[in-house]
Structures are given as structure tokens and as C-alpha cells.
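Protein chains: 2
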Amino acid sequence: MFLTLKNNDRGDYIYQRIYMELKDHILNENLKAHEKLPSKRSLANQLNVSVNSVTNAYEQLIAEGYIYTKQRRGYYVENIMPFSSTKMPNDNELPTDLKETTNDREGWLSFSHMTADISKFPFDKWLQCQSEALKNHKKELSEIPHFQGPFLVRESIAKMITISRGIKCEPEQIVIGSGTQPLIHTLMETQDNETVAAMEDPGYSRIYTLLKNMGFDVRTLNIDEKGASIKGINSDINFLFITPSHQFPTGKIMPVSRRIELLNWSTEKPNRYIVEDDYDSEFKYETDSIPSLQSLDRNQRVIYTGTFSKTILPGLRVSYMVLPPKLLREYRNRNQHLIQSGNLLTLYTLHYFIERGEYTRHLKKMNLIYERKRRKVIDELVQTFGQDVEIENIPAGLHFLARIKTNLSYKQFEKRVDKEKLEVYSIRRFQLKKRNYKKDKIELVIGFANIKEEQISEAVYRLSKAFGESI
Amino acid sequence: MFLTLKNNDRGDYIYQRIYMELKDHILNENLKAHEKLPSKRSLANQLNVSVNSVTNAYEQLIAEGYIYTKQRRGYYVENIMPFSSTKMPNDNELPTDLKETTNDREGWLSFSHMTADISKFPFDKWLQCQSEALKNHKKELSEIPHFQGPFLVRESIAKMITISRGIKCEPEQIVIGSGTQPLIHTLMETQDNETVAAMEDPGYSRIYTLLKNMGFDVRTLNIDEKGASIKGINSDINFLFITPSHQFPTGKIMPVSRRIELLNWSTEKPNRYIVEDDYDSEFKYETDSIPSLQSLDRNQRVIYTGTFSKTILPGLRVSYMVLPPKLLREYRNRNQHLIQSGNLLTLYTLHYFIERGEYTRHLKKMNLIYERKRRKVIDELVQTFGQDVEIENIPAGLHFLARIKTNLSYKQFEKRVDKEKLEVYSIRRFQLKKRNYKKDKIELVIGFANIKEEQISEAVYRLSKAFGESI
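Order-wise, the sequence lines are chains A and F. Yeah, the first sequence ends on 471 if you go by the working numbering, and it's all consecutive. Yeah, the second sequence ends on 471 if you go by the working numbering, and it's all consecutive.
There may be inaccurate statements among the hints.
What the hints assert, rightly or not - Straight-line C-alpha distance at most 25 Å; calculated DMTMM-like pairs for lysine to aspartate or glutamate:
no. : chain 1 : residue 1 : chain 2 : residue 2
1   : A       : K125      : F       : E132
2   : A       : K40       : F       : E132
3   : A       : K138      : F       : E132
If you're looking for bench data, these hints aren't it; they were derived computationally from the structure. Since the structure is predicted, the reported quantities are computational estimates derived from the model, not experimental observations.
Here chain A stands alone, though its shape is the one from the complex (with noise of 0.2 Å):
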């Protein structure tokens, strides 16, 4: 007979073995559609094994549709259609464009606003949670959630954002997301393409190129003191996107005056509505934090966004939109089948961890480390850099804007700062719109969340080095 019960060294049963060179002959069409295979037991004496193991193959090639069985007649060859192709199955190496270079940053330094500090982060407090949300939620774990995520957690966000941020919402108008990027991109899936966008330029360019991908027409807001600008914008803009707690990436907190002017212009038309991305107002230094837009919002007008990835941890992939019942509408009508996003396990260990107060005790923790690293970092700049340089000093965030004195341009600062091995993003990277940049002087956008305390002189010394003599 044709088999030669091969060992090919992967440890395979004798049944997978039969299996595989019957399947190869079929394939090949060594066994014809139709021919009659052997009966297990002539073929398990032929090749001197076990009834069971013929008996396995056959059912498996049977289950796969490569031969079939006439009742006390025997097995036979199916009749299977050639493949058209006479490639080898993937057969193809990745072509070399798309391998990716594993990127060793071992003895870097970084200023990116990206990162969060989670070395004070208190898991086995989490970890508390964690078991209390396993032991209390077995059931709900098991199922598919409402679609805009458990209300039980829904109801902890929503106290929690009315205490902190002044919001007034139910819980139905909360929709919790694994990040703010899918939530502004099904929200945005009930708009038509009659809405225009506006965005702060310079601004949160993840979102810009989400809604250009998306076909949206989408125009920039300048920035002055008071923040996003709308003067002399087209009146037919009727979805704005802004961060009036601490402007991204500028840092500028957008005073009252200001405020009410835009909502004054939501309300001027119907269908006009202002996207407030709180992204990380939780971090306000000598002062409280400033309320919310959307707590001044007489008319539901705002759509206010919230992440806890900035707080907890970036990888958490944890936000959350609250909605005016107007879109609220939209929405559900035309997302309920939408699989909640966000992890479960996760969500109702966030509800724990805000109710027994550990989240509220944690930002007031960071709060004073972050704020003790933002003026170290400023007191080194400033040590280091003297009259060339200017700082953003807005008490806010987890980044901070400084202009520096150089002849430098951007691409040669990029290249030199990068062979210091420091990580830091200049504000090209936010600017939606090109634009001719000043010849004379470098803005950064100086994030200070992960670095350490005493790595801080280190960095600004590499950034020093970057510039050189070019000061």
C-alpha cells in the first residue's frame, strides 16, 4: 500500500499521522474522487497498528470532507475540486516594508505627554477590587453587557464626574468606550456628511485624522489667550471639538468670557454641538479644578468625554462619553448592536475602586507628585536654558509648552535630540494645519508624568546637549 508512516518529529499520534499522509494523497490525487479506501481493519494490519487509530483518522478526514462513508459499504474518496492556484500554501515571506524593527530605547529618557507615571499606582488596592468585582459579578461576567457598558458602573461615573466636574447626567447618558477614539468614532457615525468639524489647531491630531479618514470636512480653530477661537469661523461649522480645562497641547485654561461665548454660538442653530474632552482636567495644581463646559450648558449642547487612562493607566483603554438625550436618541438607535468595548473584569473593578474612595485618594496623591515634578522640571529649564527660553507655566496637566531660542530647525533638532536619546515632541506633531514655523525658536511640548524625580537634570542636560552651541 501507499503509506509509509512517516515519524516526522512533531510527536504526533499515530492517528494524525495516517490522517495527514491520506489527506496529502487526496490532495495530490494520488486517491481518485470516489475511489474506495481500504476498511479499517485491513489497512490497521497493514501498517501493523491499532483498529482505534485507523478508526480515528477516518472520522477525522471524514469530519473535514475528505472522504465519506456508504453505509456498510466502506469509506471512499470525495470528490474535491482542484485548486486553481498551484502556489504552495503561504508560501510568501513578509515582504521586508512591512516587518517591524523592534525599537531598543534601553538607557532613554523621556518628555512625551504619552505616558503616565504608575509607579505610585496602588494595585493591591486595585488588586482589592479586582477580587471584589470577581466574587460579587460572576453572573454578569459570564454575559454580554448592556451595550453602553454595566449601568452599576455607569452610576459610579456618573456621581463621580457630578462631584468632580460639576456634570449633571444620568446613567443612561453615560456610554463607556475602550477609548476616546472609538467614542468619538460611532458618535460621529450618526452624523451626516452635512456636519462640519472644527478642531483646535493646534490640537489632539489623533481625532483630526479619525474624522478626515471618516470624510468629514474639518477646519481648524485658531488658539489665542483665551484658548480655541471661534471668531470669523464659517457659520456652517456645527461640531466643535475642544479642551477647554487645559487646551491640548498649549495648555491654556479657556476662561468663563470665553465659555459662554461658545455656548452662546451652540444654541444659534439646531444641530450645533460642542465635544468637551476632559482628557486631564483631574490634574489642576494651587488651585481647585475649574468646572466643566458642560456644567454651564443651559441647552444640551455639549457632549462632555472623559478617559481614565491618563489617571490609572494609559494601557487601560477605560473612557467615557455623556451624551444630551437628543443624541443620546440617535445613538442608541443606531449602535445597539454594538458589543460593549470596554473590558468587564476592568469595568467592575473601576467601580469598586471609586466607591470605596481609592481613586479619589489616589489623584490627590498624584497630584502633588506630578505637580512637584512639573516645577522641577520648569526650575531646570529655566536653570539651564536662562533668558532662551519661555514657559507655558499653566498650573494643569501632566505636559507643559516651552518655546526655546535656537537656529536650529525642527528637523535638525529632531535628529540631534534623538542621538541624545531623549524623547520629546515638538508641536508639529499637533499641528494640524502646515504652516511656516518661526525661524528663530523650537516649541515643545514637555511631558513630565514619567519621568523621575531624579532622572529630571539628566533629561534637561540631554536637551541642553540637543541644542548645543546652536543656543
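With chain A held as given, fit chain F onto it using these hints.
Showing chain F alone in chain A's frame:
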């Protein structure tokens, strides 16, 4: 003076009460623009409070833009635009149609296909892996990962599906996401409106709605004895969505001849793709699992998607897709700006759970448990309904089809089974195009994952009561 410092029972500090009252006076225009405020000392004297309290109140008002200061000349009220709306903030109740009713399902039993049995999940091992993740990945957890997910995790997934599903792919080709829906969503955004999709009918209606919502032309494919049939489909279709391992919801396993037929179809024109949704292939009874369609693909036309939600927790929200190089390139070009939406701690935990063999062990155990439940449900159905039930007894997955003879309409049945406190879904839920139902039977999708063995008799009894004498 005008301040009363009334105690508002909220335990506010003195400075907060001063701040609140001054703010109200400014917004009510009791204090006019550019009016001078009393000096800190004089206001403190007047209210009989410390100067510190007044300082804090003034600082907060400055931060929010209600007042301003001129050096050495004192504090002045800002010129604030009045609200154009006379409504008060957030005084609108949530409309009743948006209220959520709490759905008390106490005492219910469930044949839902959307659940999993998590009572046997080794949470202790999972938590050990979580500790390992926390210990080894502090740095990664404080940063934003690669937008496709951490390389390390993609590597273990790639290794795993190579062994279990015969898939050959590089970690580069894997995109992790918080569910199959969002992955399909971002994938399909790379396609223009020339793309015509086709889905199995009955099929996974959530994806159907998703694609329709995205504006795609979505056709339907009939299911014959071999699963999805492309006989007579229009040649303009270029994106097939299928579930060859275990057709959802009919359970049909696609034999190799049909698989090759589909793969041959995919190569007939450029830009033809097949999305293989392998949503529950981990559960295969009696024989080994069936190799994936992707493993037979010779021309990089199959997009493979898998999930951990069925095997670990429905609310885990970790899915992945394997993209052929050409689509990967398009995907990367378009979606670089997206932040990875999977929970990072969960992803690293999963990595160790896979690497230590816990995942495979868990699957092995669950296969035994689910197969026992499946057989028991089938036995009970046959015992109870006898000749009146017809079961698609396909040894795979977490649900099967049962057809029960009855005079009831689907609507009547659904009402009655609700009254019996039994959650079970009929085929209506999965039929993408409206059609006429056979009058004399009702087709049910019976999920057996999350019913306890000792409750199976009772659940089948409730089902029989719902059918009552109409059988």
C-alpha cells in the same frame, strides 16, 4: 457688603463658599464688569474669616476667568458675556423613552448563545499571570503600545494559532482589538465604496448591521449542506464573510471541497477577499479541530479573525485578526493614528496565560465540560419532544440548531417562553433578509455554555411548557 456666607450643608470650605457667592453675583450681574472688589484683607475682616480663605477664593476666580488683577491695584470683575439662553443649566429631565428599566432576571434559565461558563475558569492561574505581567511590564504599562498591540503578545498569539489552527503568519500581520466588530470596522474602512460584501444568511447579524451602517452593499449567501454557497452569486461581490469552522448559527462545518471552491473564487479577480470568522473553533468534540481556511490559502486572500471572549470571558474583549500583507500595508497606512484598544494589562496577562500552557489546559477541560452539557441538552430535548424535534447534531461549538414542530408562530412562542423565564433565541434573530417562515416548526439556536448541568432538565421542561399543547 453682599456676601452672606450661608452654610450650604455640603461641608464646603470657607473659601469655596466665598468663591461660589462671588461667582453667582458676577453671573447675575450684581457685580458689573470692571467693578473693583474689596481688598483681600478688608473682605476677610468684613466676613470675619482668614485672609487665606479670601486669597484662595480670589485665586480660583482668577483661574476660571471671573475676575482679574492689576498689579498693586487690586481685583476687578471680568467683562463676561451674558448667556443668550434664559434656561438654567441642566434643568432638563431625561425623557422617559431614554430611561433604562432594570431587567430583573432572577430565577431565569438561559439557552443564550452569547454566554460562557466561567465557573471553571482558573482565575487563580490568571491572577498569577497578571502578577507576572505587572512585575515584568511596568515600563510598557506606563506607555502607549504599538497600535496593533504589543509585539510580545502578538508573538504568542501567532505561535498559538500556528499550532492550533494551522495558520502561518508573522506577528506583524496580527492586529489586536477590543472585539471582532471594531476590528472588522477598521479593516473595512480601508475599502472604498466599490466593495461589495456578502454574508451567510442566517448569519452574524451584528456584523451585517455594522457593514450596512458603514454604507456597504451587503448581499447574502444561502446555506446549503456544505455551508455558505457561492452558487449564482454576483461577480461584483469581492468580500465574503464566512464562518467555515462552525457556521453561525446553523453549526454546519464546511467540507474541504467547498473550502477549495471558495479559495478558487477568491483568486479569480484581484481584490477578492474572504474573512474567516473563527469565533468558536476552539470547541470541537469527537474529532480534532478542523484546520482553518487560512491554512489552505495559497494566495493571501483570507483574513482570519479569532477571539478570546468565548474561551475566557465574554467581557474580556480581546480579539485579533490576521491580515494578508497587501491589506496589512493599507491598514497601516490608514490606521497608524489609532490607539490600541485592548486592555494592556489583560493582554500581557494573556501572554503569560498562553505561554505557560494554561490556555491550552483550560480549553481541554472546557471541551469535556461543554461536550457533556451538549449531549445532555440533546438527550433531554429528544426525550421530551421525541419525534417533534429535529436536531442538527454537529459536534462543535457552544450552540446547535433544533427545529420543533408546533402550530405557534414565532411571536407567540417568544411571548410564551418569556413567561416561562427561559432565555432562548430563535433563528429569526439571525436572518439577515426578511423571509417567510415555515408554518409548522420553530427553529431555535440552543446555546448550552452557561447553563448548569443540573438545570438542563428544568430548562427543557420550561421549553416544553412554552410549546404547551400546541405541539
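Hints and how they fare:
| no. | hint | result |
| --- | --- | --- |
| 1 | A:K125 <-> F:E132 | holds, 17 Å |
| 2 | A:K40 <-> F:E132 | violated, 49 Å |
| 3 | A:K138 <-> F:E132 | holds, 24 Å |
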